[in-house]
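In case you want the letters, here they are:
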Amino acid sequence: MPLNDDTIFEIAHHYRFQWEPAQQLHVLLYPEGMVQLPGSSGEILKRVNGAARVGEIVADLERAFPGADLRGDVIEFLENAHGKGWIRTKQG
Amino acid sequence: MEKAGFEQSKVNLPLWLLAEVSYRCPLHCVYCYNPIDYASYGEEMSTEDWLRVLRQGRELGATQLGFSGGEPLMRSDLEILVAEARRLGYYSNLITSGVGLDERRIAAFKEGGLDHIQVSFQDSTREMNDFLSSTRTFDLKQKVARLVKKYDYPMVLNVVLHKLNIDHVQQILEMAEQLEAEYVELANTQYYGWAWLNRDKLLPSRDQLQRAEEITNNFRQHAANRMKIYFVVPDYYETRPKPCMSGWGAVFLCITADGVALPCHSARMLPGLNFPSVRDHDLRWIWHDSPAFNTYRGDAWMKEPCRSCPEKVKDYGGCRCQAYLMTGDAANADPVCDKSPLHGLVTDAVERAAKRERDSAKPQVKRAADALLFRDDANSLRLADANKQPSA
Ligand code: SF4
Ligand code: SF4
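Chains as they are written, first to last, in my numbering: chain A, 1 to 92; chain B, 1 to 392.
Careful: at least some of the hints might be erroneous.
[Said to hold, decoys possible] Below 30 Å or equal to it, Euclidean Cα-Cα: the simulated BS3-like pairs (lysine-lysine) are:
no., chain 1, residue 1, chain 2, residue 2
1, A, K90, B, K149
2, A, K84, A, K46
3, A, K90, B, K228
4, A, K84, B, K314
5, B, K149, B, K110
6, A, K90, A, K46
7, B, K242, B, K228
8, B, K314, B, K228
9, B, K110, A, K84
10, B, K228, B, K149
11, B, K312, B, K339
12, A, K46, B, K110
13, B, K303, B, K242
14, B, K339, B, K242
15, B, K150, B, K228
16, A, K84, B, K149
17, B, K339, B, K314
18, B, K110, B, K228
19, B, K150, A, K84
20, B, K110, B, K141
21, B, K242, A, K84
22, B, K110, A, K90
23, B, K228, A, K84
24, A, K90, B, K150
25, B, K355, B, K242
Simulated from the structure, these hints should not be mistaken for laboratory data. If you're wondering where the values come from, they're calculated on a predicted model, not measured in any experiment.
Isolated chain A, as found in the complex (with noise of 0.2 Å):
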């Protein structure tokens, strides 16, 4: 799949991104399962909102955590998940 800056992705459909008070972390929940994302994994989906594009993506988490050199690791993260069925591409 073409992943670039303007890339916007979404939480797939039956997908739910939600913080976990009794983890301390985010969760993904989907039928009868759960990933858990902690750390970065978490800080990366939370700016998935079907209007963010991935070039923004970048430089909000860079923004957040300065002095991190962070497009690499987004880009991967972005396409493993995608590749998982956990986000999809935003059409339109």
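Chain A is already provided as a structure; the job is to place chain B with the ligands on it using the hints.
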């Protein structure tokens, strides 16, 4: 939908809460895993009781919530529970036979925020022979499938396989395709509760199993993009046990219709455990501190060969209920394991299944049905009265 599971989970929280809200059920499946003495239990919990359980479960960290039974649609307050579940942040699943699902109810579930519906199509009602042919049951299935799709749920179909229907896997899959199911789970019967009582009549032979798997694999290719098919083999044909519930008191918490808290759906028949009721205790105490939930936690309770086995971190010694039902001691290794000195109990059952098939060229549905024990209130009360688990 990915295959079910809790990725990366190491925390000891009841992430999965199963609410068996009612043991009432319009069907009488011979493979039902419900406790055989269900009809002798106390009254069903009130709406208030369930709302309290949902709240406490969520506070403890539960994320997945299953509404099951019996038939959960028998509760007229299910809409209220569904809406509260969503408000609390659960991902909720309705596990239903579809009997009693109409447009008014599904619309209310959708509105209330129910996330997922799994429809189990039962076949071994008293009209077992009708399963694949009866237009009446097919109409019901079609109506349910249409409603599920109309309300934007994925159509997830669960069919329990056993000796008497497994030779019809092709027709079952064709039916699923006609219903435009997106996911089909062909789950072989697990032998607890009523299924345990009927085991020798339900366990398919190895040949039957292999044929069914072959048909399923072919169908998988044919339906590749439209329908995802899972095939769950009965563990009697394995040499290692399943990691039952990911371990006792590890992630799974079941609350029965009358309020008893269990670490798995069938544990209630284990002797000497005194499972606590949510009517008397809060879930936090039950989960973390009650003696029953700690009995088989970790591995201190294990005997040989599990105690010194390197695989105990993978399968936790298998299923306590299966160990108890087959060997008489829940602390024994699950006899499915071929390291168990009692593994012969499993291979004997398998051998009997093969012999049954040799004895009758065709599965003699009618003759076998005469001897099957149906799950219904009268049978349940009789079994509860006898007050002992008849051996299968
Ligand atoms: S397995 Fe059959 S009898 Fe048992 S609860 Fe489910 S539908 Fe009812
Ligand atoms: S001996 Fe026990 S722990 Fe080892 S594989 Fe068998 S059941 Fe699992």
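| said: Checking one constraint from the list: CA of K242 (chain B) to CA of K84 (chain A), max 30 Å. Satisfied? | reply: 25 Å, holds
| query | Within a Cα-Cα threshold of 30 Å, do K90 (chain A) and K228 (chain B) meet the stated pairing? | reply | 24 Å, holds
| field | Holds or violated: K110 (chain B) to K228 (chain B), with C-alpha atoms at most 30 Å apart | value | 24 Å, holds
| request: Quickly compare the C-alpha distance for K90 (chain A) and K149 (chain B) to 30 Å and report which way the hint goes. | output: Cα-Cα ~22 Å, so holds.
| field | Pairwise hint evaluation, K150 (chain B) against K90 (chain A), where the allowed Cα distance is 30 Å at most | value | Roughly 23 Å between the alpha carbons, so the hint for K90 (chain A) and K150 (chain B) holds.
| If you draw a straight line from the CA of K110 (chain B) to the CA of K90 (chain A), is it 30 Å or shorter? | Holds, at about 24 Å.
| task | For the pair we were handed, K84 (chain A) and K149 (chain B), check the Cα-Cα distance against 30 Å. | result | Holds - the C-alpha atoms of K149 (chain B) and K84 (chain A) are around 23 Å apart, at most 30 Å.
| task | Would you mind confirming whether the straight-line C-alpha gap from K339 (chain B) to K242 (chain B) stays at or under 30 Å? | result | Satisfied, since the Cα-Cα distance of roughly 14 Å is no more than 30 Å.
| task | For the pair supplied as a hint, K228 (chain B) and K149 (chain B), confirm whether the alpha-carbon distance does not exceed 30 Å. | result | The given pair, whose Cα atoms are some 16 Å apart, holds under the 30 Å limit.
| task | Would you check the hint for K242 (chain B) and K228 (chain B), treating anything up to 30 Å between C-alpha atoms as holding? | result | 23 Å, holds
| field | Distance restraint between K110 (chain B) and K141 (chain B), which requires alpha-carbon spacing of 30 Å or less | value | 19 Å, holds
| query | Are the Cα positions of K149 (chain B) and K110 (chain B) separated by 30 Å at most? | reply | Given pair K149 (chain B), K110 (chain B) holds - Cα atoms ~12 Å apart, limit 30 Å.
Hint compliance for this structure: every hint is met.
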